[in-house]
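Starting from the known structure of chain A, fit chain B onto it as the hints suggest.
So the protein lines, in turn, are chains A and B. The opening position of the first sequence corresponds to residue 24 in this note's numbering, with each subsequent residue numbered one higher. The opening position of the second sequence corresponds to residue 24 in this note's numbering, with each subsequent residue numbered one higher.
Please note that a few of the clues may not be correct.
[What the hints assert, rightly or not] Cβ pair distances, simulated, as ranges:
id : chain 1 : residue 1 : chain 2 : residue 2 : range
1  : B       : E190      : A       : P316      : 35 to 43 Å
2  : A       : E92       : B       : S32       : 52 to 60 Å
3  : B       : G98       : A       : T197      : 57 to 65 Å
4  : A       : P171      : B       : R304      : 49 to 57 Å
5  : A       : P316      : B       : S142      : 24 to 32 Å
6  : B       : I177      : A       : G98       : 55 to 63 Å
7  : A       : T241      : B       : R304      : 52 to 60 Å
8  : B       : E72       : A       : G98       : 19 to 27 Å
[Claimed, not checked] Only part of the chain B face toward chain A is listed, based on derived beta-carbon distances under 8 Å:
id : residue
9  : Q59
10 : P89
11 : F103
12 : M104
13 : E314
14 : Y326
15 : N330
16 : A334
17 : Y335
18 : H338
19 : A342
20 : E344
For the record, the hints were derived by calculation from the structure and aren't laboratory data. Using N, Cα and C, we set each Cβ at its ideal position, and we do this for glycine too.
2 protein chains.
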Amino acid sequence: MFEFHLHASDGNARVGSFSTPHGDILTPVFAPVGTQATVKSLTPKQLQEIGATLVLANTYHLFLRPGDERIARLGGLHKFMNWEKPILTDSGGFQVFSLAQINQIDEDGVTFKSHVDGSLQRLTPEKSIAIQENLGADIIMAFDQCPPPYDREINQRAIARTHAWAERCLKAKTRPDQALFGIVQGGVFEDLRTKSAQFIASLNLPGNAIGGLSVGETKEEMFRILELTNEILPKDKPRYLMGVGTPYDIVQGVARGIDIFDCVLPTRLARHTTALRRKDRLNLVNAIYAEDPQPIDATCECYTCQNFSRAYLRHLILAKEMLAATLLSIHNVFTLIKLTQEIRQAIFNKSFHTLLEEFQSP
Amino acid sequence: MFEFHLHASDGNARVGSFSTPHGDILTPVFAPVGTQATVKSLTPKQLQEIGATLVLANTYHLFLRPGDERIARLGGLHKFMNWEKPILTDSGGFQVFSLAQINQIDEDGVTFKSHVDGSLQRLTPEKSIAIQENLGADIIMAFDQCPPPYDREINQRAIARTHAWAERCLKAKTRPDQALFGIVQGGVFEDLRTKSAQFIASLNLPGNAIGGLSVGETKEEMFRILELTNEILPKDKPRYLMGVGTPYDIVQGVARGIDIFDCVLPTRLARHTTALRRKDRLNLVNAIYAEDPQPIDATCECYTCQNFSRAYLRHLILAKEMLAATLLSIHNVFTLIKLTQEIRQAIFNKSFHTLLEEFQSP
Chain A
24 MFEFHLHASD GNARVGSFST PHGDILTPVF APVGTQATVK SLTPKQLQEI
74 GATLVLANTY HLFLRPGDER IARLGGLHKF MNWEKPILTD SGGFQVFSLA
124 QINQIDEDGV TFKSHVDGSL QRLTPEKSIA IQENLGADII MAFDQCPPPY
174 DREINQRAIA RTHAWAERCL KAKTRPDQAL FGIVQGGVFE DLRTKSAQFI
224 ASLNLPGNAI GGLSVGETKE EMFRILELTN EILPKDKPRY LMGVGTPYDI
274 VQGVARGIDI FDCVLPTRLA RHTTALRRKD RLNLVNAIYA EDPQPIDATC
324 ECYTCQNFSR AYLRHLILAK EMLAATLLSI HNVFTLIKLT QEIRQAIFNK
374 SFHTLLEEFQ SP
Chain B
24 MFEFHLHASD GNARVGSFST PHGDILTPVF APVGTQATVK SLTPKQLQEI
74 GATLVLANTY HLFLRPGDER IARLGGLHKF MNWEKPILTD SGGFQVFSLA
124 QINQIDEDGV TFKSHVDGSL QRLTPEKSIA IQENLGADII MAFDQCPPPY
174 DREINQRAIA RTHAWAERCL KAKTRPDQAL FGIVQGGVFE DLRTKSAQFI
224 ASLNLPGNAI GGLSVGETKE EMFRILELTN EILPKDKPRY LMGVGTPYDI
274 VQGVARGIDI FDCVLPTRLA RHTTALRRKD RLNLVNAIYA EDPQPIDATC
324 ECYTCQNFSR AYLRHLILAK EMLAATLLSI HNVFTLIKLT QEIRQAIFNK
374 SFHTLLEEFQ SP
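Just chain A, same shape as in the assembly (with noise of 0.2 Å):
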C-alpha cells in the first residue's frame, strides 16, 4: 500500500502510479475539488465518465458541517459522498488561514470562528489528524501553516511551527489505510524552502506537497521555488503541488516533476460562466455566442462539447439555469483530467517536450 512506481520519464517529467486502499493513482494527475464533499454540480457518475479518480474534499469545511463524527458514523467519507476511488483530504490549515476569522495562533494550534454558526473552534496537528482519520481518505495532509509569500519574518516563523506541527501529525496519526503527505513552506524564499524541504523529506513520508504557491507570487517565483524544492524532495515519492491547476500551470509543474496538482479553478469558472481551454477561456455570456452552433471546443470529446452550442450553453446561463454550470464544470474538469491524460502519453512517447513548447506562455 501506498507505493509509488514510476512507468516513464522525460527530463524531469515522469509517469508514476500511487498504490491507496481505493485503487491506484496514475500520475501526473489532476484531483478536483470537492469542498464539501461533492464537485459542484457534478454526480459521482458524472466525474467518473470525465475519467476522475483522486477528488479532493476539505477538512475545514466538513468539520464544521455536517461533522467528522457524524461522516465516521456514516461509514466515511467515500461512502457519504458515494466516491470509490481515492480521495486526499487537505489539513484545514488553508481552509483557516484565509476563510476563518482567526482569534489565536499560538504552537499549539488556531483558534478561529466557524464561517457557518460563529462559533468558537480550535485546530490542532492532533485534531486535523483526528478528523481526517474520522473522514478516512486514502491521502491525509500534515497541519500546516500557510502565510502570505513575501514575509520573510513570518515565513521563517510559519516553516517552524509547520515542522513541529508535521512531527505532531505523525506521531498523532494511527490508521494504517491512510497515507499522511508533509507540505514544504516558506514563501518565496530560497533559503527557507530549502530548510524546509530538507526537513519535510527527512520524515520519510509516503508523499510530499508543496503548499503557499499560486497565493500572489509571480510564475518565474513560482517555477523557481517547485525546481529548488523538487532536487530535495525524494524522487521515489510522489510530490504534490497544492491549488495549482491552469492547464499552463500543469505542465509547467509536470516539466519540474510535479505528480499531483488539485485546484477549484475548473468548476469556480464553470459557475461564472467561463469555459476552460487549453490555451484560452471563453466567457459564454459574451453576445457574440448568441447564435454560435459551435460546441466550446471542437476537438473536445467530453459530453458538453458533443451535444450543446455555444449559443445553448449562453442561453442557459442568461435564463439563470442550473445546467449551465454542470456543463461547464463537465468540460472544464475534462479538459484539465484529459491534458494529464496526454502529459502522461507524452512522457511515455519521450515527446513531452513538444507539450511544453505549446504552453511556452499562461
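Structure of chain B alone, referenced to chain A:
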C-alpha cells in the same frame, strides 16, 4: 404519423402508443417540464436514464428568450436542447394569463409585458402556431384562454374565444410533422365543459387536452369534469390532462381515461428540498434525517436511492450545494415515470384496480 394505437384497457384506463417523428410515446406517460429548454438541473442523459420519453417545453418562455427564430436558425428545439425523443410545446396561453402583466385581451389575441425585459409583446393564435413551428416540437397546442375556474361569465366568454382560436390555429398550421392538440376549457361548469369538449372533439385533431384543471378547484370537481369530458372526447385519440402530476392525480386521471400528464411538481419540489414518494413526501431539511443512512425510498431503483443517504442529501441542502437539486430531481421525476410504467403493466395485467385501491386518498 400521429397514430394512436390502443394496446390494452382495464375499465377506462388504457395503454396506448402515439407515434411521432421522434419515436413512439407509450401511454399513460408523464412528461417532465423543461420550461426554458432544460428540465431544471438535469442533463438530457440523466433524463434518458430516468426513462423519460416525452418532454414539455414552454412557448411563452422560449419566445421571449432566446427567441423562437433563433432556435429555428440553430436547427430547432430538439437539436438546441439535445433531446432526441418527442417534445410537446404548450401554446403560451397559460403562461400569458398566469405570469405576464396583461395589457389587453381581445378577440384577436393578448398583449402583455415580457417578464424578461418589460417589452410589450403580443400573442395571437397565428403567432403561437408560428412560434411553435419555429420550435419544431412533435406535439403543439392550440392557443387558449385559461380563466379562474369559478367565474361562470368569464368561462363562458373564454370557451367561445378558445374555440375560435383553436379553429384559427388549425388553419394557421403548416407543418405536417407536428400534431396539433385542442384544449377543452369551461372551469367547473358541467354545461360549459360539455359544450367545449363537443366542439374540440368536432375538430378531429390527432389529440385532445383538458386545460384549466388543478388550478384551485377541489379534487372531486376535477374528477367529475374529467369523467364528463372523457365521455365526449374520442376514445381513439390521446387525452392530455395539462399541468397535473401528483402520484394520486396520475392514478386517478388514468382511471378516468387520461393518457398524457405533465407537471413541474417533481423538479420544483426537488429545488425546495422535498422528495416525492408514491404515498408521501419527505422534506429532507428536517433534522430527523441528519444521520439517517437510509435512501429516500428503500424500494426505489433510481440513481439517487441506489447511492445516497438521506443524511448526505440533507448535508447538501444545508451546504447549499447544487447537487441536492439534481439528486432530488432524479428521484422525483423517476418516481412519476416509474409509476406510469407500473400503471401500464397493471392495465396489461387487468389489475389496475389494485393500484387504484392503493391511491384512494391524495
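Results of checking the hints against the structure:
1. Range check, E190 (chain B) to P316 (chain A): about 37 Å between beta-carbon atoms, so the 35 to 43 Å window is met.
2. Here the CB-CB span from E92 (chain A) to S32 (chain B) is close to 57 Å, well matched to the stated 52 to 60 Å.
3. Against the hinted window of 57 to 65 Å, the Cβ-Cβ separation of G98 (chain B) and T197 (chain A) comes to about 60 Å, which satisfies the hint.
4. For the pair P171 (chain A) and R304 (chain B), the supplied restraint of 49 to 57 Å holds, since their beta-carbon distance comes to about 50 Å.
5. The hint said 24 to 32 Å for the Cβ distance between P316 (chain A) and S142 (chain B), and at roughly 26 Å that hint holds.
6. A hinted range of 55 to 63 Å for the beta carbons of I177 (chain B) and G98 (chain A) is consistent with their spacing of about 59 Å.
7. Between T241 (chain A) and R304 (chain B), the C-beta spacing of about 55 Å keeps the proposed range 52 to 60 Å intact.
8. At roughly 25 Å, the beta-carbon separation of E72 (chain B) and G98 (chain A) lies within the given 19 to 27 Å, and the hint holds.
9. At a threshold of 8 Å, the smallest CB-CB gap from Q59 (chain B) to chain A is about 4 Å, leaving the interface hint in force.
10. The interface hint given for P89 (chain B) holds, since its Cβ lies 5 Å from the closest Cβ of chain A, which is under the 8 Å cut-off.
11. Hint status for F103 (chain B) relative to chain A: holds, with the closest Cβ pair at about 6 Å, below 8 Å.
12. Proximity of M104 (chain B) to chain A holds as hinted, the smallest CB-CB distance being about 7 Å (cut-off 8 Å).
13. Taken as an interface hint, E314 (chain B) checks out: its beta carbon lies about 6 Å from the nearest beta carbon of chain A, inside 8 Å.
14. Because the closest C-beta pair between Y326 (chain B) and chain A is about 7 Å apart, less than 8 Å, the hint holds.
15. Interface restraint check for N330 (chain B): the shortest CB-CB distance to chain A comes to about 5 Å, inside 8 Å, so the restraint holds.
16. Because the smallest distance between the Cβ of A334 (chain B) and any Cβ of chain A comes to about 6 Å, under 8 Å, the interface hint for this residue holds.
17. For Y335 (chain B), the interface hint holds, since its Cβ comes within 8 Å of a Cβ in chain A; the closest pair sits about 6 Å apart.
18. Given the 8 Å rule on beta carbons, the hint for H338 (chain B) holds: about 5 Å separates it from the nearest Cβ of chain A.
19. Interface restraint check: A342 (chain B) against chain A, minimum CB-CB distance 4 Å, threshold 8 Å, status holds.
20. Taking 8 Å as the C-beta contact cut-off toward chain A, the hint placing E344 (chain B) at the interface holds, the least distance being around 5 Å.
Every hint from the earlier list agrees with this structure, and none is contradicted.
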